[in-house]
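There are 2 protein chains.
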Amino acid sequence: MSKHAISGFPEWTPAERAVEMHVENTLARVFELHGFQNLRTRSVEPLSALEAKGETSKEVYLLQRLQSARESDEPIDLGPNTLGLHFDLTVPLARYVVANSGSLVFPFKRYQIQQVWRGERPQEGRFREFTQADIDVVGQDQLAFHHDIEVAETMLDALNALGIGDVLMEVNNRKLLSGLVAAVGASDFDGVLRALDKLDKIGEGGVREELSNLDLTDEQATKVIEFAAITATTGKQLDSKIAALGLELDAEGEEGLEELKTLLDSLAEFAPGQVKASLRIARGLDYYTGTVYETLLPGYENYGSICSGGRYDNLARAGRKTYPGVGLSVGVTRLVALILEAGLLQTERTSPAAVLVLVNNEEERGTSEGAARQLRSRGINAEVSPSSAKFGRQIRYADRKGIPYVCFVRGDEYSIKNIVSGEQVDGVDLSTWQPDESVSTTVSPGVDA
Amino acid sequence: MSKHAISGFPEWTPAERAVEMHVENTLARVFELHGFQNLRTRSVEPLSALEAKGETSKEVYLLQRLQSARESDEPIDLGPNTLGLHFDLTVPLARYVVANSGSLVFPFKRYQIQQVWRGERPQEGRFREFTQADIDVVGQDQLAFHHDIEVAETMLDALNALGIGDVLMEVNNRKLLSGLVAAVGASDFDGVLRALDKLDKIGEGGVREELSNLDLTDEQATKVIEFAAITATTGKQLDSKIAALGLELDAEGEEGLEELKTLLDSLAEFAPGQVKASLRIARGLDYYTGTVYETLLPGYENYGSICSGGRYDNLARAGRKTYPGVGLSVGVTRLVALILEAGLLQTERTSPAAVLVLVNNEEERGTSEGAARQLRSRGINAEVSPSSAKFGRQIRYADRKGIPYVCFVRGDEYSIKNIVSGEQVDGVDLSTWQPDESVSTTVSPGVDA
Chain A
1 MSKHAISGFP EWTPAERAVE MHVENTLARV FELHGFQNLR TRSVEPLSAL EAKGETSKEV
61 YLLQRLQSAR ESDEPIDLGP NTLGLHFDLT VPLARYVVAN SGSLVFPFKR YQIQQVWRGE
121 RPQEGRFREF TQADIDVVGQ DQLAFHHDIE VAETMLDALN ALGIGDVLME VNNRKLLSGL
181 VAAVGASDFD GVLRALDKLD KIGEGGVREE LSNLDLTDEQ ATKVIEFAAI TATTGKQLDS
241 KIAALGLELD AEGEEGLEEL KTLLDSLAEF APGQVKASLR IARGLDYYTG TVYETLLPGY
301 ENYGSICSGG RYDNLARAGR KTYPGVGLSV GVTRLVALIL EAGLLQTERT SPAAVLVLVN
361 NEEERGTSEG AARQLRSRGI NAEVSPSSAK FGRQIRYADR KGIPYVCFVR GDEYSIKNIV
421 SGEQVDGVDL STWQPDESVS TTVSPGVDA
Chain B
1001 MSKHAISGFP EWTPAERAVE MHVENTLARV FELHGFQNLR TRSVEPLSAL EAKGETSKEV
1061 YLLQRLQSAR ESDEPIDLGP NTLGLHFDLT VPLARYVVAN SGSLVFPFKR YQIQQVWRGE
1121 RPQEGRFREF TQADIDVVGQ DQLAFHHDIE VAETMLDALN ALGIGDVLME VNNRKLLSGL
1181 VAAVGASDFD GVLRALDKLD KIGEGGVREE LSNLDLTDEQ ATKVIEFAAI TATTGKQLDS
1241 KIAALGLELD AEGEEGLEEL KTLLDSLAEF APGQVKASLR IARGLDYYTG TVYETLLPGY
1301 ENYGSICSGG RYDNLARAGR KTYPGVGLSV GVTRLVALIL EAGLLQTERT SPAAVLVLVN
1361 NEEERGTSEG AARQLRSRGI NAEVSPSSAK FGRQIRYADR KGIPYVCFVR GDEYSIKNIV
1421 SGEQVDGVDL STWQPDESVS TTVSPGVDA
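Protein chains in written order, with this note's numbering: chain A, 1 to 449; chain B, 1001 to 1449.
I should point out that these hints are in silico values taken from the structure, not numbers from a laboratory.
Note that this is a predicted model, so its numbers are computed, not measured.
One thing to keep in mind: the hints can contain errors.
Result set (SDA-like, lysine to any residue): computed pairs, CA atoms no more than 25 Å apart in a straight line [stated by the list, open to error]:
#, chain 1, residue 1, chain 2, residue 2
1, A, LYS236, B, THR1367
2, B, LYS1390, A, PHE145
3, A, LYS236, B, LYS1390
4, B, LYS1201, B, LYS1236
5, A, LYS276, A, GLY235
6, B, LYS1236, A, ARG365
The task is simple: from the sequences and hints, build the whole structure.
Quick look at the structure:
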């Protein structure tokens, strides 16, 4: 992390940024492979839109023009049109879809990789500016269940392509949870979900206490904790574990169970061992109506979910039209922090250049530039040495920047040396020479990955 | 442009965004080809840093947490630590370089493609959020002149790679201008520069009036307007035109002239016809100390400069160390607006998918997904039809999204049809099939380019 930090506003060094770019570019490439279209929305929304979700409105940064602040001794206007920075990419998506519904083709499949801001109190040590990478499929009035499978498959493909080792997606279904809560005889569905969400933080005892505060009996609380403990990797396994609970599911619960079984068995086909139903996944603070997802890196569970989401049957609504959606969001900044701390990816280069063309003396700089131009015309990143000092010093510049090759120029004769291995090739033909594939990427898996 | 707009916060449609992504990705690729390393800085700086430049401080957006605004009836704090959104990428660069100088390798070559914000009054109709793409080379204590050539070459390569037609870079040198102003006998150098900057807006008469307000005589004003009218494409031509003025240059002026001639003749070698010295380029509002650049698209001069910059001998300073820099900045949002309005690039696709795999019925969806997976494994973007309605309706979905191919699946037999040309191939082998190169990109030159 770079120096001169402002708490909550992370800033990577060039080498760390190379890792972040690898993450962003890989996610984008795989999202496009699956036909998701990039969208970029403005960074601001009016306060009225930011507050529509209620709870999260605490974390908004409002904007005021410096000039207007200077000219006024009034506090900042809290009216509905005051602009604030968006705190997620879902609020802008919902607004965008409604405003542009006439020109979009539904189902609308979009991805967005953008910064979001949360006006957290500085002392909490959380990110106040970070990057999210979201995919969503949004329908008009209807959205088939197979899109719940599609977004999970797309995201697993994308996370697997990062080369950071194993990824585990935990899934659940709000309709199944609703059926289970009803079968237990509890009435406060949202309250039970919020209690379940705290399982990691407050443990089973704490959850029992919360449930008791919601007027659940000990017996009811035990049932809730029993079903929340269920995990399964196949539909069959899930069926038998739920049957063993001896609870009678209502129609909604049965529908949720069917969906969850379908999701599990479909994903198991092409991502074996990467998907698990876990009935404790509630995501109680969000407005999901069906499938919910969380994603962990096994071995790094303490970092929490790196990618979460779910189905909203009412992502947006306008007049008589509804816009159901299903999506997943990667916390890119948090994931990159994990990758860097755990050494899951490493960078050896702080320059994208594969070759540094050396300069004999300032009079011959043009010749070296010609050589670099020839390499670039073939897509090979090449830099010309900034100085014509002794070759030792020029090579040291390449070494410090992690540039793997240097090119010596003698008239129209070229020698290229791999400064890592020490291997040198003379009489190189610049119109055909290629760097080793192993040094053509700047980011490689860490020893732990 | 999308609907529900907030004045000054542009938001592209998916098709327009495809053009913007082409611009951003092409610029990034060419910057890396020349060895520039990506950097991303946080979006905020403390007010003290944003105000350091003086004049531009009018245009800052300050941030205040909604929660703190609710709890207070005080106006926003205008102290030095209050956070504001950055209005350019130069202030963050200068701060970053000083803070991290111990771990950077100089000359530090970085590019940054990020959003910036200007707290303009809404009625002015300017962009208040837009994307800039900057390249800079920053030295420690010294920075050789050949970097002035390097950034111009890199940027011309990048702009040429966009495929938007001809690009003209106009260059000048502040030291030459200083010498000319001194030779004319005027004392207020900054004032003369500011007057020259308005030549486009207020014409020759207006500039004369401004110069007269600066106490220049008619004769002096005429000389200023005469040298400002000089243009040249070679060093030799520049020499003779300046000699014809009959003004005696001081040492600084001679140095500037030598630099400008070197720049012109070096760039003419590999970008013939794309670079012109134009002595009216002043960039009076910025703190440049040598070379200055502006870039026009011939035929679209009324859009103004799409890419500007220059050399700062004091980009930053810390203790006894100085950090001279030279760089160029593309106004990406403005350039994309021009490209879209003038039709210089066009998109035919609002989906990155090259192939839509059709679905016979929901029971056979899995088979179609398998076909899509096979295409994706070979890097071909493929989407599965969201519905299993009649093929006509599925093909219409592809057509509306601009997806050029549809794939019919009959068991393990595949037919692929180009829905633009109508050409259909049966018995396709999905492990070798390739889309036509002409449809593999989503953005193509417009008819006018």
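Outcome of the hint check:
1. A:LYS236 <-> B:THR1367: holds, 22 Å
2. B:LYS1390 <-> A:PHE145: Status holds; Cα separation ~19 Å.
3. A:LYS236 <-> B:LYS1390: violated, 34 Å
4. B:LYS1201 <-> B:LYS1236: violated, 31 Å
5. A:LYS276 <-> A:GLY235: holds, 10 Å
6. B:LYS1236 <-> A:ARG365: OK: LYS1236 (chain B) and ARG365 (chain A) at ~21 Å, within 25 Å.
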